[in-house]
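Q: Take a look at the letters that make up each chain.
There are 2 protein chains.
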Amino acid sequence: MKMILERINDNMHFKATNEAGHTHELSGDGLAVGPMESLLSAIAGCSTIDIVMVLKKMRQELIDIKVEVKGTRREEIPRLFTKIHMHYILIGNIKDKKAKEAIDLSVEKYCSVSKMLEKTAEITTSYEIRFEE
Amino acid sequence: MKMILERINDNMHFKATNEAGHTHELSGDGLAVGPMESLLSAIAGCSTIDIVMVLKKMRQELIDIKVEVKGTRREEIPRLFTKIHMHYILIGNIKDKKAKEAIDLSVEKYCSVSKMLEKTAEITTSYEIRFEE
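Just so you know, the sequences run in chain order A and B. Using the numbering used here, the first residue of the first sequence is number 469, and each one after it goes up by one. Using the numbering used here, the first residue of the second sequence is number 469, and each one after it goes up by one.
Because the hints were derived from the structure by calculation, they are not lab data. It is possible that some hints are incorrect.
The list cannot tell twin chains apart, which means a pair is met if one copy fits it or any two copies do.
Stated by the list, open to error - PhoX-like, lysine-lysine: derived pairs with alpha carbons at most 25 Å apart:
1. K534 <-> K568
2. K525 <-> K483
3. K563 <-> K470
4. K568 <-> K470
5. K565 <-> K577
6. K565 <-> K524
7. K551 <-> K577
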């Protein structure tokens, strides 16, 4: 797996391109999502991909899903995340037990990003189920 | 630090938004950069931000910088990165010793993303200096 990072201003604003040609921007000067923010969206995205797949296998009707992810950084440099919390909002006719099972399976077993970040950050989750959007 | 992840199709294509309102897309179905690719761009971006700052302090003239980052994943699930290699292409009138020092300082000391991912992946670097673009 390979990414190319190129600078698009004369300071700290970058464009990253994957092997399929998809890009996203990244910035250290507030012009785009920052690298540590990118870790938060990576863990949220990775675990949500698992949850979507697991709920489909469980024949649960997921209409939509949204995640709020918060990271707490320590004060000392390097400013690692010490805690990451993900709150999942599941919309659809989903059984509570199935939602919990899908989230736990993702964070504890399948999600590669979570399994990498859990070495330094305590990963916690919560969720709510809404039947109507 | 907080991100919101929202689904933008009926499967695994997401938009992540930071507190300043900047967004990037993320996908599990090949429609955008994937979560593990996003980790690669995060480590490359994070370390490059440090390198830009350190070279500025060292009064080195950096005209441009580009990074090729490769991740090797293990075969078993969760498919963690076991190795990450970053190759930096520095363009400008930069002393070899200063380039090496800036890269080492970033990866070994300052870059929070690198310090988190090094718990599971061996992080290695290489670089080249080009005087003309």
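Q: Could you run down the list of hints and mark each one as holding or not?
A: Against the structure, the hints:
no.	hint	verdict
1	K534 <-> K568	within (15 Å within a copy, 42 Å between copies)
2	K525 <-> K483	between (36 Å within a copy, 24 Å between copies)
3	K563 <-> K470	neither (39 Å within a copy, 28 Å between copies)
4	K568 <-> K470	between (34 Å within a copy, 22 Å between copies)
5	K565 <-> K577	within (17 Å within a copy, 43 Å between copies)
6	K565 <-> K524	within (14 Å within a copy, 54 Å between copies)
7	K551 <-> K577	both (18 Å within a copy, 20 Å between copies)
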